Amino acid sequence: MGNLDWFVLSGTLLFIVIYGVWKTRGSKNVSDYVLAGNQARWWTIGLSVMATQASAITFLSTPGQAFHDGMGFVQFYFGLPLAMIVICMVFVPIYHKLKVYTAYEFLEKRFDLKTRSLAAILFLIQRGLAAGITIYAPSIILSAVLGWDLLTLNIIIGILVIIYTVSGGTKAVSVTQKQQMIIIMTGMFIAFFFILGALPPELTFGNALKVAGASEKLNILDFELNTSSRYTFWSGITGGFFLALAYFGTDQSQVQRYLSGKSVRESQLGLVFNGLLKIPMQFFILLVGVMVFVFYQYHPSPLNFNPAATIAVENSEFSEDYKELEERHKEIETEKMMAQDEFYAALKLKEYAATVEAKQHILAANQKERVNREKAKLLISQADNLVETNDKDYVFIHFILNNLPRGLIGLLLAVILSAAMSSTASELNALGTITALDLYKRNMKTGFTPKHYVRVSKGFTLVWGIIAIVIAGVADLFDNLIQLVNIIGSIFYGNVLGIFLLAFFLKFVKGNAVFVAAIITQIVVIFGFMGDWMSYLWLNAFGCSLVILLALVLEVFDRVLRNPALEQ
Amino acid sequence: MEEVRKWKRAYTLVIIMNILYVLVFYFIMISNA
Numbered sequence: 001m002g003n004l005d006w007f008v009l010s011g012t013l014l015f016i017v018i019y020g021v022w023k024t025r026g027s028k029n030v031s032d033y034v035l036a037g038n039q040a041r042w043w044t045i046g047l048s049v050m051a052t053q054a055s056a057i058t059f060l061s062t063p064g065q066a067f068h069d070g071m072g073f074v075q076f077y078f079g080l081p082l083a084m085i086v087i088c089m090v091f092v093p094i095y096h097k098l099k100v101y102t103a104y105e106f107l108e109k110r111f112d113l114k115t116r117s118l119a120a121i122l123f124l125i126q127r128g129l130a131a132g133i134t135i136y137a138p139s140i141i142l143s144a145v146l147g148w149d150l151l152t153l154n155i156i157i158g159i160l161v162i163i164y165t166v167s168g169g170t171k172a173v174s175v176t177q178k179q180q181m182i183i184i185m186t187g188m189f190i191a192f193f194f195i196l197g198a199l200p201p202e203l204t205f206g207n208a209l210k211v212a213g214a215s216e217k218l219n220i221l222d223f224e225l226n227t228s229s230r231y232t233f234w235s236g237i238t239g240g241f242f243l244a245l246a247y248f249g250t251d252q253s254q255v256q257r258y259l260s261g262k263s264v265r266e267s268q269l270g271l272v273f274n275g276l277l278k279i280p281m282q283f284f285i286l287l288v289g290v291m292v293f294v295f296y297q298y299h300p301s302p303l304n305f306n307p308a309a310t311i312a313v314e315n316s317e318f319s320e321d322y323k324e325l326e327e328r329h330k331e332i333e334t335e336k337m338m339a340q341d342e343f344y345a346a347l348k349l350k351e352y353a354a355t356v357e358a359k360q361h362i363l364a365a366n367q368k369e370r371v372n373r374e375k376a377k378l379l380i381s382q383a384d385n386l387v388e389t390n391d392k393d394y395v396f397i398h399f400i401l402n403n404l405p406r407g408l409i410g411l412l413l414a415v416i417l418s419a420a421m422s423s424t425a426s427e428l429n430a431l432g433t434i435t436a437l438d439l440y441k442r443n444m445k446t447g448f449t450p451k452h453y454v455r456v457s458k459g460f461t462l463v464w465g466i467i468a469i470v471i472a473g474v475a476d477l478f479d480n481l482i483q484l485v486n487i488i489g490s491i492f493y494g495n496v497l498g499i500f501l502l503a504f505f506l507k508f509v510k511g512n513a514v515f516v517a518a519i520i521t522q523i524v525v526i527f528g529f530m531g532d533w534m535s536y537l538w539l540n541a542f543g544c545s546l547v548i549l550l551a552l553v554l555e556v557f558d559r560v561l562r563n564p565a566l567e568q
Numbered sequence: 569m570e571e572v573r574k575w576k577r578a579y580t581l582v583i584i585m586n587i588l589y590v591l592v593f594y595f596i597m598i599s600n601a
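Chains A and B, in that order, give the protein sequences. The first sequence maps to residues 1 to 568 in this note's numbering. The second sequence maps to residues 569 to 601 in this note's numbering.
Because the hints were derived from the structure by calculation, they are not lab data. Just so you know, these numbers come straight off a predicted model, no measurement behind them. Incorrect hints may have been included.
With a Cα cut of at most 25 Å, we get these calculated BS3-like pairs of lysine-lysine [unchecked claim]:
no.: 1; chain 1: A; residue 1: 377; chain 2: A; residue 2: 330
no.: 2; chain 1: B; residue 1: 574; chain 2: A; residue 2: 97
no.: 3; chain 1: A; residue 1: 359; chain 2: A; residue 2: 348
no.: 4; chain 1: A; residue 1: 97; chain 2: A; residue 2: 114
no.: 5; chain 1: A; residue 1: 441; chain 2: A; residue 2: 178
no.: 6; chain 1: A; residue 1: 458; chain 2: A; residue 2: 441
no.: 7; chain 1: B; residue 1: 576; chain 2: A; residue 2: 97
no.: 8; chain 1: A; residue 1: 262; chain 2: B; residue 2: 576
no.: 9; chain 1: A; residue 1: 109; chain 2: A; residue 2: 262
no.: 10; chain 1: B; residue 1: 574; chain 2: A; residue 2: 262
no.: 11; chain 1: A; residue 1: 23; chain 2: A; residue 2: 178
no.: 12; chain 1: A; residue 1: 458; chain 2: A; residue 2: 262
Using the sequences and the hints given, assemble the complete structure.
Next up, the structure:
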C-alpha cells in the first residue's frame, strides 16, 4: 500500500464517520433516535436495507466463491423478491398501524410479554454473535494479507462504527449507508472494468464469458431436486424465501430500516427497490469473481491465496514438498493457458468439434489443478493445523493488492471496510434498541423522561459495540465466512419467523402455546444442525414449520384440557 | 382501489423482472456452456 492508498482509505472512512455524526446531532426523543423521526424516503430505506445485508464478507467472500465454485450462489437469493412482496403486503402495514418501535413489540400486542422477550433474546443471541463476525471477517483477512494487527483492526472498525451509531442512532446509520453504498458500488464497478482491461487485448467480454463457461463457472442454475445440494433453484426459492422473510420481516436490524419510513408507502417502495435490485447486485459481485478467474487463466496465480498459509508451510519441514507442488502448479497453469489458447482459436474459427475438444483439455487441466491445490491444503494443515487452508476469502483481496494501481487499492479497501461498517452499524443500532426498549423499558418501572431512554439506547448500543469487538477478538475462522453468518441465521430465523407467522395468520393460537412451541423448536433445530439432518438452508423452513405445528397442537390440546366438552 | 391497483402493478413488476433475470441467467449459462 502506498501513501495515496492510505490517503484514500483513511479519508473515505473519516468522511463517513464525521458526516454521520454531524448530520444527525441532537436526538431529543426515542422516535428521533430509534426511528430517525420517521422521515426516511424510499431510496434511503432501499439503500439502507441493501447496505445492511451486504457486509464486508459479501465483497470478500462472494468473488472467491465464484472463482472456485462458479455462480450458482446467486440462486440463494431467488426467494428474496417474493419475501419482499409478502413483507410489503402483510408485515409493513401492521407494524406501521400499531406504531411499534421494534418488531418484537408487536408480539406482545398479539401474544404476551414472555413471547416478546423470548423472541428479543433469540435475536440478541444470534445478532450479537453475527455482529462480532461482521467485524472479525474482514479483519482476519486484511490482517493476513496486509500484516496489520488483527486485534487493532477489530478495535478500529468497532470504534469507527460505535462513534456515529451511538451518536446519531438510526438516522446516522441510514445517512452513512447511502454514502457507503455509493462508495461500494463505485469501487466494484471500477474493479470490474479494470479486470476487463487487464485481460488479453483480443479477449472480448463475450469471449471472456466463453472462457469462464468452458471451466463450468457459469453454471448459474441447477434445477436438481436434491436437498443435500447447498445451492439449487428450488432451495433458493423455498429456503431462500423463508430466510429472507425471516431476516427482512423479523430481524430488527432490517425492520428498523423500514420502520423509519415517512409513510407505509415509502417503506414498501424501499423494499420493492431491494426486491428489484438485490439479485442483479449479487450477480454482478459473482461476475467480478468470475472475471478474476478469467484473469488468472492468463496470469500466474499462487497455489494458495492465503499468504499466512504459504508462510506456515514454507517455514516447516514440508517446504520442499510444497515447492514441488508449486512447480507442478506452474506446469498445470502453462497447460491451462495452452488449452485456453486452443479453445479461443477454435472459437474464432467457429469450429464446434475443436471447441468441444479444447474444452475437454481445459476441464482436465482444471481437475489436475484442483487435485494439486487439495494436496497443497493437506500439506499446509500438516505444517500448521491452525492456519486457514480454505482460501476462498483471500482470492479477491489477493487480486486487489497485487494487480490494482495505487489509489484504487485504497478505494477497494475502503469498499470492504465501508461494507463492514454499514452492516455492523445496523446490527449495533438494532441490538441497542431491542435491549433498551424490549428488555429494559418493558421490564423496568415507568416514568422516565424520553431523554432518559435515548441515553439508555445510546448506552446499550455502546455496550453491544464493545461486546461485538470482544466476540471479534475471540472468533475463529470457519469454512466460509459468508456461510457462517447464514448458518447462524438459519438456526434461529425459522423459529422466530414461525412465531411471527402465527401472530399474523393464526389468530386463535395464544401466547402460552407459542412460547412452549418456540422453546421446543429451538432445541430441536440446534440438535438438527449438530446432527447434520439437512442442509442448513432447510433449517429455516424446518424450524418455521415445526413451531407452527407444535403451537397448533399445543393450543388445541390446551383448549381440550380446559374445556373437555370440546372432545365430544 | 386505485392504490391497491398501483401496488399490484409494483409487485407484478418485481416478479416479472426477477423472472426475466432468471431467463437471462439461463441464456448466459446455455450460450456459454
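Check your understanding: Keeping to a limit of 25 Å between CA atoms, is the pair of residue 574 of chain B and residue 262 of chain A held or broken?
Key -> Cα-Cα ~19 Å, so holds.
Review point. CA of residue 97 of chain A to CA of residue 114 of chain A, is that 25 Å or under?
Key: 22 Å, holds
Practice item. Verify the proposed pairing of residue 441 of chain A with residue 178 of chain A, using a straight-line Cα cut of 25 Å. Key: 31 Å, violated
Review point. Residue 359 of chain A and residue 348 of chain A: Cα distance at most 25 Å?
Key: 14 Å, holds
Point to revise | Pair hint outcome, residue 109 of chain A versus residue 262 of chain A [Cα-Cα no greater than 25 Å] | key: Between residue 109 of chain A and residue 262 of chain A the Cα gap is close to 23 Å, so the pair holds against 25 Å.
Practice item. Verify the proposed pairing of residue 377 of chain A with residue 330 of chain A, using a straight-line Cα cut of 25 Å. Key: 16 Å, holds
Check your understanding: Given the hint that residue 23 of chain A pairs with residue 178 of chain A, does the C-alpha gap stay at or below 25 Å?
Key -> With Cα atoms ~13 Å apart, residue 23 of chain A and residue 178 of chain A stay inside 25 Å; holds.
Check your understanding: Holds or violated: residue 262 of chain A with residue 576 of chain B, Cα cutoff 25 Å?
Key -> The given pair, whose Cα atoms are some 21 Å apart, holds under the 25 Å limit.
Check your understanding: Are the Cα positions of residue 458 of chain A and residue 262 of chain A separated by 25 Å at most?
Key -> Since the Cα atoms of residue 458 of chain A and residue 262 of chain A sit roughly 23 Å apart, the hinted pair holds (cutoff 25 Å).
Check your understanding: residue 574 of chain B and residue 97 of chain A: Cα distance at most 25 Å?
Key -> Answer holds: residue 574 of chain B to residue 97 of chain A is near 20 Å, not above 25 Å.
**Study point:** Pair hint residue 458 of chain A and residue 441 of chain A, alpha-carbon separation not exceeding 25 Å
**Key:** 13 Å, holds
Review point. Are the Cα atoms of residue 576 of chain B and residue 97 of chain A separated by 25 Å or less?
Key: 20 Å, holds
In this structure, only the earlier hint numbered 5 is contradicted, and the remaining ones agree with it.
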